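Please dock the two separately framed chains into a single complex, following the hints provided.
Chain order of the listed sequences is A and B.
For the first sequence, position 3 (counting from the first letter as 1) is numbered 3 according to my numbering, and the numbering increases by one without interruption.
For the second sequence, position 62 (counting from the first letter as 1) is numbered 1062 according to my numbering, and the numbering increases by one without interruption.
Source of the hints: derived by calculation from the structure; they are not laboratory data.
Treat the numbers as computed from the prediction; the structure is a model and nothing was measured.
Treat the hints with caution; some may be incorrect.
To be verified - Here are some, though not all, of the chain B residues that point toward chain A, as calculated from beta-carbon distances under 10 Å: (1) 1004; (2) 1006; (3) 1042; (4) 1043; (5) 1091.
Stated by the list, open to error - Result set (DSBU-like, lysine-lysine): computed pairs, CA atoms no more than 35 Å apart in a straight line: (6) A/73 with A/108; (7) A/55 with A/108; (8) B/1015 with B/1062; (9) A/108 with B/1071; (10) A/108 with A/78; (11) B/1071 with B/1011; (12) A/78 with A/111; (13) A/78 with A/55; (14) A/111 with B/1078; (15) A/108 with B/1078; (16) B/1011 with B/1062; (17) B/1015 with A/108; (18) A/111 with B/1062; (19) A/108 with B/1062; (20) B/1078 with B/1015; (21) A/73 with A/55; (22) B/1011 with A/111; (23) A/111 with B/1015; (24) B/1015 with B/1071; (25) A/70 with A/111; (26) A/111 with A/55; (27) A/70 with A/55; (28) B/1078 with B/1011; (29) B/1078 with B/1062; (30) A/73 with A/111; (31) A/108 with A/70; (32) A/108 with B/1011.
As the list claims (entries may be wrong) - Chain A is faced by these chain B residues, among others (derived, beta-carbon under 7 Å): (33) 1041; (34) 1103; (35) 1104; (36) 1107; (37) 1108; (38) 1109.
Each residue gets a CB set at the ideal place from its N, CA and C atoms; glycine is no exception.
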Amino acid sequence: AQTVTQSQPEMSVQEAETVTLSCTYDTSESNYYLFWYKQPPSRQMILVIRQEAYKQQNATENRFSVNFQKAAKSFSLKISDSQLGDTAMYFCAFMSSGAGSYQLTFGKGTKLSVIP
Amino acid sequence: EAEVAQSPRYKITEKSQAVAFWCDPISGHATLYWYRQILGQGPELLVQFQDESVVDDSQLPKDRFSAERLKGVDSTLKIQPAELGDSAMYLCASSPTLGSGSTEAFFGQGTRLTVV
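Chain B on its own, in the form it takes in the complex (with noise of 0.2 Å):
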């Protein structure tokens, strides 16, 4: 069975240092989806792509983080520096084109971040 798989599954940096995620999403979907979920909450948009493009970043703090999808298939999630308030897990999620009548997004199992 198709899925999301993210990498690295854990990772532990210090602050100001800079980091990175990678996500590969099911194969064929255009739309892929960058959240943010802080422990014992519920997962928070930061970026969302169609195809190569960047369909909502408005909720990525642009000044330390940036997501690139350049060929339309991968992605990376960049942080630079990381701050303390960065722990926590980023999840990777796919669907087919927007509109398309598919409207479940499909999940990885997410990269958990911890700055110290």
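Isolated chain A (complex conformation) (with noise of 0.2 Å):
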């Protein structure tokens, strides 16, 4: 079984400021997809990036970047010029594709606010 570990349960950031959020996993799998997604909130999560486990390019959107060590089994969020609509929890997920179960297995969050 996966297992997802966010150890940063909360985080503070100055508004502007860049803020990085640590995740770790175990699998034995070498196809697999890794994500970050947000929720607001009470608002619905939603998909931040997206990083296959076959590319080694780090996955970047706008102001999000990811910095994937596959060896290293870590999989960290780097949020830059960070904004107030960032404030939110923020987990971590694993998805095999393995026997294609496509099922999702999060961390526990790590609870992010931007300060003004």
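Have a look at this one:
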């Protein structure tokens, strides 16, 4: 079974600054996907960024980028130029494509507060 | 923009009563998931459908929980009888057909269940 660990229950960052959220995972599979999802207060969870394990290049989406270290099984999220709207719970998630499961396994989340 | 619809948004029920949640996925999405999210934690998969078939319900407490997706479109999750420990957010998510190349899961706003 896969496990996802987020070691930072809460973090805060000043507006316009950069923050990095940590995530590690454990799997014996070689083909998988990693995700960061954002869950704003009282709103639905939305995808922030996705990384395919077979790709060496780190994914980037505007102000969001990841540092994917496959050998270390590490997948951190960097948010640049933090904005007040970035305040939310952030979940790291793993999806195996083996056996056709395509199920998401989530970490416990990191609560990010952006301070004006 | 298409969204996953869930109802009700909030539900308060007494223990030992029956409760049901409804989910309407994004049109054309063959895969539907029900997740349970306990406050302060990440979502955990309860059941996964592909069209009207159950792909995985290994984490569904079948003595009290049931889920169906009779026509392969909308879905109902039922709890009978409800217990105090069932208090949580119940999230529905959908995605295109397994293995289609699309791995993004789209989430609804959830149903917040409180058992008293």
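Hint check:
Hint status for residue 1004 of chain B relative to chain A: holds, with the closest Cβ pair at about 8 Å, below 10 Å. Hint status for residue 1006 of chain B: holds, given a least beta-carbon distance of 9 Å to chain A, under 10 Å. Here the hint on residue 1042 of chain B is kept, as its CB sits about 3 Å from the closest CB of chain A, short of 10 Å. Here the hint on residue 1043 of chain B is kept, as its CB sits about 5 Å from the closest CB of chain A, short of 10 Å.
Interface restraint check for residue 1091 of chain B: the shortest CB-CB distance to chain A comes to about 7 Å, inside 10 Å, so the restraint holds. Of the supplied pair hints, the one linking residue 73 of chain A and residue 108 of chain A holds, its CA atoms being roughly 17 Å apart against a limit of 35 Å. Note on residue 55 of chain A and residue 108 of chain A: the hinted pairing holds, with a Cα-Cα distance of about 26 Å set against a maximum of 35 Å. Simply put, residue 1015 of chain B and residue 1062 of chain B have alpha-carbon atoms about 17 Å apart, close enough for the 35 Å limit, and the pair holds.
Using a Cα cut-off of 35 Å, the hinted pair residue 108 of chain A and residue 1071 of chain B holds, with the two alpha carbons roughly 34 Å apart. For the hint pairing residue 108 of chain A with residue 78 of chain A, the CA-to-CA distance comes to about 18 Å; that is within 35 Å, so the pair holds. Note on residue 1071 of chain B and residue 1011 of chain B: the hinted pairing holds, with a Cα-Cα distance of about 25 Å set against a maximum of 35 Å. Straight-line distance between C-alpha atoms of residue 78 of chain A and residue 111 of chain A comes to about 14 Å, which keeps the hinted pair within the 35 Å bound.
For a cut-off of 35 Å, the pair hint linking residue 78 of chain A to residue 55 of chain A stands: about 18 Å separates their Cα positions. In summary, the hint linking residue 111 of chain A to residue 1078 of chain B is supported, as the alpha carbons are separated by about 30 Å, within the 35 Å threshold. Distance check on the hinted pair: residue 108 of chain A and residue 1078 of chain B sit about 25 Å apart at the alpha-carbon level, within 35 Å; holds. For the hint linking residue 1011 of chain B to residue 1062 of chain B, the alpha-carbon distance of about 21 Å falls within 35 Å, and the restraint holds.
A threshold of 35 Å between alpha carbons decides the hint, and for residue 1015 of chain B with residue 108 of chain A the separation of about 27 Å falls inside it, so the pair holds. As the CA atoms of residue 111 of chain A and residue 1062 of chain B are separated by approximately 32 Å, the hinted pair is consistent with the 35 Å bound. For the given pair, residue 108 of chain A sits about 25 Å from residue 1062 of chain B by alpha-carbon distance, which is consistent with the 35 Å threshold. Restraint check for residue 1078 of chain B and residue 1015 of chain B: satisfied, since their Cα atoms lie roughly 14 Å apart, inside the 35 Å limit.
About 14 Å separates the Cα atoms of residue 73 of chain A and residue 55 of chain A, which keeps this hinted pair within 35 Å; it holds. Restraint check for residue 1011 of chain B and residue 111 of chain A: satisfied, since their Cα atoms lie roughly 25 Å apart, inside the 35 Å limit. Between residue 111 of chain A and residue 1015 of chain B the alpha-carbon distance is near 31 Å, which keeps this suggested pair within the 35 Å criterion. With a C-alpha separation of about 30 Å, the suggested pair residue 1015 of chain B and residue 1071 of chain B falls inside the 35 Å cut-off, and the hint holds.
Restraint check for residue 70 of chain A and residue 111 of chain A: satisfied, since their Cα atoms lie roughly 25 Å apart, inside the 35 Å limit. A threshold of 35 Å between alpha carbons decides the hint, and for residue 111 of chain A with residue 55 of chain A the separation of about 28 Å falls inside it, so the pair holds. As the CA atoms of residue 70 of chain A and residue 55 of chain A are separated by approximately 10 Å, the hinted pair is consistent with the 35 Å bound. As the CA atoms of residue 1078 of chain B and residue 1011 of chain B are separated by approximately 13 Å, the hinted pair is consistent with the 35 Å bound.
Between residue 1078 of chain B and residue 1062 of chain B the alpha-carbon distance is near 10 Å, which keeps this suggested pair within the 35 Å criterion. With a C-alpha separation of about 22 Å, the suggested pair residue 73 of chain A and residue 111 of chain A falls inside the 35 Å cut-off, and the hint holds. Taken as a hint, the residue 108 of chain A and residue 70 of chain A pair is honoured in the structure, with Cα atoms around 21 Å apart against an allowance of 35 Å. Among the hinted pairs, residue 108 of chain A with residue 1011 of chain B is consistent with the structure: their alpha-carbon atoms are about 24 Å apart, no more than 35 Å.
Interface restraint check: residue 1041 of chain B against chain A, minimum CB-CB distance 5 Å, threshold 7 Å, status holds. Evaluation of the residue 1103 of chain B hint against chain A yields a held restraint, the C-beta minimum of about 5 Å falling below 7 Å. A cut of 7 Å between beta carbons decides the hint on residue 1104 of chain B: the least distance to chain A is about 5 Å, and the hint holds. The beta carbon of residue 1107 of chain B is positioned within 7 Å of a beta carbon in chain A (closest approach about 4 Å), and the interface hint is therefore held.
Look at residue 1108 of chain B: its Cβ gets to within about 6 Å of chain A, closer than 7 Å, so that hint holds up. Hint status for residue 1109 of chain B relative to chain A: holds, with the closest Cβ pair at about 5 Å, below 7 Å.
In this structure, every one of the numbered hints holds.
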